[in-house]
Amino acid sequence: MKRIENWPVWWVPAAALAALITFTIVYELATKGESILMRPENLLNILRQVSFVGIIAMGMTLVITLGGIDLSVGSLVAFLGGIGILVMNSLLAGKTAEWVAVAAAFAVILIAGTAAGVINGLLVSKGKLAPFIATLGGLAAYRSIAMALVAGGEYRSQSTELFATLGAGGIPIPGTNMAPRAPVPVPLLFPWPVLIFAAIAVVAWIVLNRTKLGHYIIAIGSNERSAIYSAVKVDRVKVLTYSILGLCTGIAALLVASRLSSVSSSSSGTLYELDVIAAVVIGGTRMRGGSGTIVGTVIGVLMLGVIQNMLNLLQVSVYLQGLVKGLVIIGAVLLQRSEKA
Amino acid sequence: MISVNSVSKQFGSVRALDSVSLELRAGEVHGLVGENGAGKSTLMKILSGLEQPTTGDLRVKGTVTRLHGVLDALQRGIVMIHQELNLVDELSVANNIFLGREPTRFGIVERARCESEARRLLDRIGHKLDPARRVRTLSIADKQMVEIAKALSYDASVLIMDEPTATLTQHESDALLELIDQLRKAGVTIVFISHILPQVLRISDRITVLRDGKFVTTLDSEQVRNTSERELATLMVGRSMAEHFPPGKAHRDSIAFSVEGISVPARVENVSFDVHEGEIFGLAGLIGAGRTETAEAIVGLRRRSAGTIKLDGAPVRITGPIDATQLGIAYLPEDRKDAGLTLNMSVIDNTTMVSLPRYSRILLDRGAQRRATQEHAIRLRLRAGALEDPVKTLSGGNQQKVLLAKWLEIAPKVLIVDEPTRGVDIGAKEEIYHLLQELAGQGMACVMISSEMNELIGMCHRIGVMRAGRLVTILDGQSATEEQIIHAAGLETATA
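Chains as they are written, first to last, in the working numbering: chain A, 1 to 341; chain S, 1001 to 1496.
It is worth saying that the hints were derived from the structure and are not from the lab. Treat the numbers as computed from the prediction; the structure is a model and nothing was measured. Idealized CB from N, CA, C, for every residue including glycine. Be aware that one or more of the hints could be misleading.
Label-pair ranges, simulated between beta-carbon atoms [unchecked claim]:
hint : chain 1 : residue 1 : chain 2 : residue 2 : range
1    : S       : Arg-1101  : A       : Ala-148   : 52 to 62 angstroms
2    : S       : Ser-1221  : A       : Lys-233   : 51 to 61 angstroms
3    : A       : Leu-334   : S       : His-1487  : 54 to 64 angstroms
Calculated lysine-lysine pairs in the BS3-like style (CA-CA distance at most 27 angstroms, straight line) [what the hints assert, rightly or not]:
hint : chain 1 : residue 1 : chain 2 : residue 2
4    : A       : Lys-128   : A       : Lys-233
5    : A       : Lys-212   : S       : Lys-1337
6    : S       : Lys-1413  : S       : Lys-1337
7    : S       : Lys-1214  : S       : Lys-1392
8    : A       : Lys-126   : A       : Lys-233
9    : S       : Lys-1337  : A       : Lys-233
10   : S       : Lys-1392  : A       : Lys-233
11   : S       : Lys-1392  : S       : Lys-1337
12   : S       : Lys-1214  : S       : Lys-1337
13   : A       : Lys-212   : S       : Lys-1413
14   : S       : Lys-1128  : S       : Lys-1061
15   : A       : Lys-128   : A       : Lys-212
16   : A       : Lys-126   : A       : Lys-212
17   : S       : Lys-1061  : S       : Lys-1185
18   : S       : Lys-1143  : S       : Lys-1128
19   : S       : Lys-1413  : S       : Lys-1310
20   : A       : Lys-233   : A       : Lys-32
21   : S       : Lys-1337  : A       : Lys-128
22   : S       : Lys-1249  : S       : Lys-1413
23   : A       : Lys-233   : A       : Lys-212
24   : S       : Lys-1310  : A       : Lys-233
25   : S       : Lys-1337  : S       : Lys-1249
26   : A       : Lys-126   : S       : Lys-1337
27   : S       : Lys-1413  : A       : Lys-233
28   : S       : Lys-1392  : A       : Lys-212
29   : S       : Lys-1061  : S       : Lys-1214
30   : S       : Lys-1249  : S       : Lys-1185
Only chain A is shown next, with the shape it has when bound in the complex:
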């Protein structure tokens, strides 16, 4: 008897993983192993690059499994990072201790991010708006506010170093030395964003697969009517799920701002929503909801990161990178469609 497909379309991430490995091998052969692709510092760099999108993608997996979508995450990154820096700078100007100012900025970003998620959740549940429309509003609005506050310019951190620690720093890996000729060894750093991404991935997996909330998310995404008839607090679950995504977006915004000690109101977080949704889809989570996979999304995130890095190393124009991403997304969705046959 035909296996009844219940879990996420596992062969989509499997295909993604296979493609990833194939790409890497072909690339390595083509460059005769002289490429820096597989060097530890480059791999860590890729991981750091993808962790921002990856953290948001964890929340997005929950939202898409719920049968929703959130297009506002990219703009929200710029907005949250921007206001965080504004708060911090104004506290620093008022001679507040640096660590207090930095902590306040982090708190503001996380709280505002969660609040933005709550708003999206309320619009979708109580407001009965289509998620696409509700969050399209956020996509336009948050970017607009971020740009209006600095007239399209940049938010620059006035913190000397502390603010940048989380985004740009990491844990020294013992026994490594990046600068052999320097008088003191400079160890390779395992980036904080990667660790945070990993921790959030574990939590997201537990939430989706081992908690009441996760079961309700799957139930609502599978059949909302049935969930209502089953006395599931559907509105509450929706608000909660969107606010988890908001919190994830806040964490990502914090790391993005911290990484460069600045936020560009016009370009920070641009098209993050595309990358995030792409990663989720490539991972095999069903766009129509009801079934999602955190592991798949992690693979999707890595795949996008490696492709981007290869394209960079091959010096493919950044303008063409969107094309490659687009093809990958369409390929993944085509694979998903074949499940029905």
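We have chain A already, so just place chain S on it with the hints.
Structure of chain S alone, referenced to chain A:
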């Protein structure tokens, strides 16, 4: 004309049709009867190209044919009119008739031509209707006529009608039957599927009876003339029914649950009844009489414009299933697949959906969920491959058992079951009857909504009959007869 020969259809583990043969002759009205779940719809889906038979063949004009979808069937002149009509509410009558085949000139729809041709078709069936009117504004009978006009526009030689008169008034039904007679004289073959046996006997040249997915018999015109309604019903059921209902116990004297004067605008009007502890209270009536709407209003799925619900004599506030569940009122909807269960989730997940908070302490206790589900599975004699399998792999009867288990999980005081045996095979039906009697015996107050009158008579202490949103009478379950229910429900017999 068209025939199917020993056709079978398998859905997962369920055999919906088992080697059924049917032959349609040109220009006949062929009645098709059977209980719910007898396989009528599946057979018609095969005839109209919606489903492919698992085994057996379909012959059109003598040659073995494979229908590739509805369009293919349409092109061969086979048109099916579904019970829930397939019209686009926002389009005009004319646009609906020619949907997808609008006469165009330079790519622009010629509205005038569309409407004049629609008018000609409507005239042909003797129905006065403005082709420019929006379908939304039409009565169900008018919509039915639009469907027939649409069918004729395809040059239908075979017209399959699924319960066409189920929601029509007596007068409208008569008009439709007359039209069917006319079409027959014009050489159209008609398959008339209906539960309303007097109409089937009156209009059909021949009648085929299905039971549990199997072919029972085809009555020829001579036999049709000499068959009574009761004899036809016996053929459908296969035996006289009453003996298979488990004996019920007398209910207790205390009233567990009362509904006082609840109304839902345009659906339910001032419905009141009491249910005693241990009582099974039936709700009978036609489709659209407001039975489901009453149940939905009780649990707060529909907004009540008036009325009070009392539990053990005290008024309770119910604004939705969350409140109802907390008060111990469970509603098992008739739409098992779309409202009752989450088909792609497992038996365990479905069973513990309502009671999930009990298994959650930050993390879910999956072992406890499984054990609880296992207990229900044994008690209800659930036949499922594994408890981890999605419920969509289960048969209708077993799905119904999962739905029951899901609500028994919260140990309800009041159990409202809506069409609990629809699409359920006979064996599982009897198990469900036994279970309901057992639950009532333990003091649970049950409300049972059903379209199968013998089931209500066999199971219920009292039967409330609804008609056009009102509870018109309450009959004693011991002495009630199908005739009494039919009469109260407003379904006149064909001789009326």
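Practice task
Could you grab the alpha-carbon distance between Lys-1413 (chain S) and Lys-1337 (chain S) and see if it respects the 27 angstroms cut-off?
Solution key: With Cα atoms ~24 angstroms apart, Lys-1413 (chain S) and Lys-1337 (chain S) stay inside 27 angstroms; holds.
Handout entry: Given pair status - Lys-233 (chain A), Lys-128 (chain A), alpha carbons within 27 angstroms
Key = Holds. Lys-128 (chain A) to Lys-233 (chain A) sits at ~15 angstroms (cutoff 27 angstroms).
Practice task
For the pair we were handed, Lys-1413 (chain S) and Lys-233 (chain A), check the Cα-Cα distance against 27 angstroms.
Solution key: Measuring from Cα to Cα gives roughly 21 angstroms; hence the hint holds.
Problem - Proposed proximity, Lys-1185 (chain S) with Lys-1249 (chain S) (alpha carbon, max 27 angstroms) - result: violated (55 angstroms)
Exercise for the section: Could you grab the alpha-carbon distance between Lys-1310 (chain S) and Lys-233 (chain A) and see if it respects the 27 angstroms cut-off? Expected result: holds (24 angstroms)
Problem - Given hint Lys-233 (chain A) paired with Lys-1392 (chain S) - CA-CA distance at most 27 angstroms - result: Between Lys-1392 (chain S) and Lys-233 (chain A) the Cα gap is close to 24 angstroms, so the pair holds against 27 angstroms.
Problem - Restraint check for Lys-1061 (chain S) with Lys-1214 (chain S), where alpha carbons must lie at most 27 angstroms apart - result: holds (24 angstroms)
Practice task
For the pair we were handed, Lys-1128 (chain S) and Lys-1061 (chain S), check the Cα-Cα distance against 27 angstroms.
Solution key: Distance ~35 angstroms between Lys-1128 (chain S) and Lys-1061 (chain S) Cα, so the pair is violated.
Exercise for the section: Please work out if Lys-233 (chain A) and Lys-212 (chain A) have their alpha carbons no farther apart than 27 angstroms. Expected result: holds (12 angstroms)
Exercise for the section: Starting from Lys-126 (chain A), check that the Cα of Lys-212 (chain A) is at most 27 angstroms away, please. Expected result: holds (22 angstroms)
Exercise for the section: Would you mind confirming whether the straight-line C-alpha gap from Lys-126 (chain A) to Lys-1337 (chain S) stays at or under 27 angstroms? Expected result: Measuring from Cα to Cα gives roughly 26 angstroms; hence the hint holds.
Problem - Proposed proximity, Lys-1337 (chain S) with Lys-1214 (chain S) (alpha carbon, max 27 angstroms) - result: Holds: Lys-1214 (chain S) and Lys-1337 (chain S) sit about 24 angstroms apart, inside 27 angstroms.
Of the numbered hints listed earlier, those contradicted by the structure are 14, 20, 25, 30.
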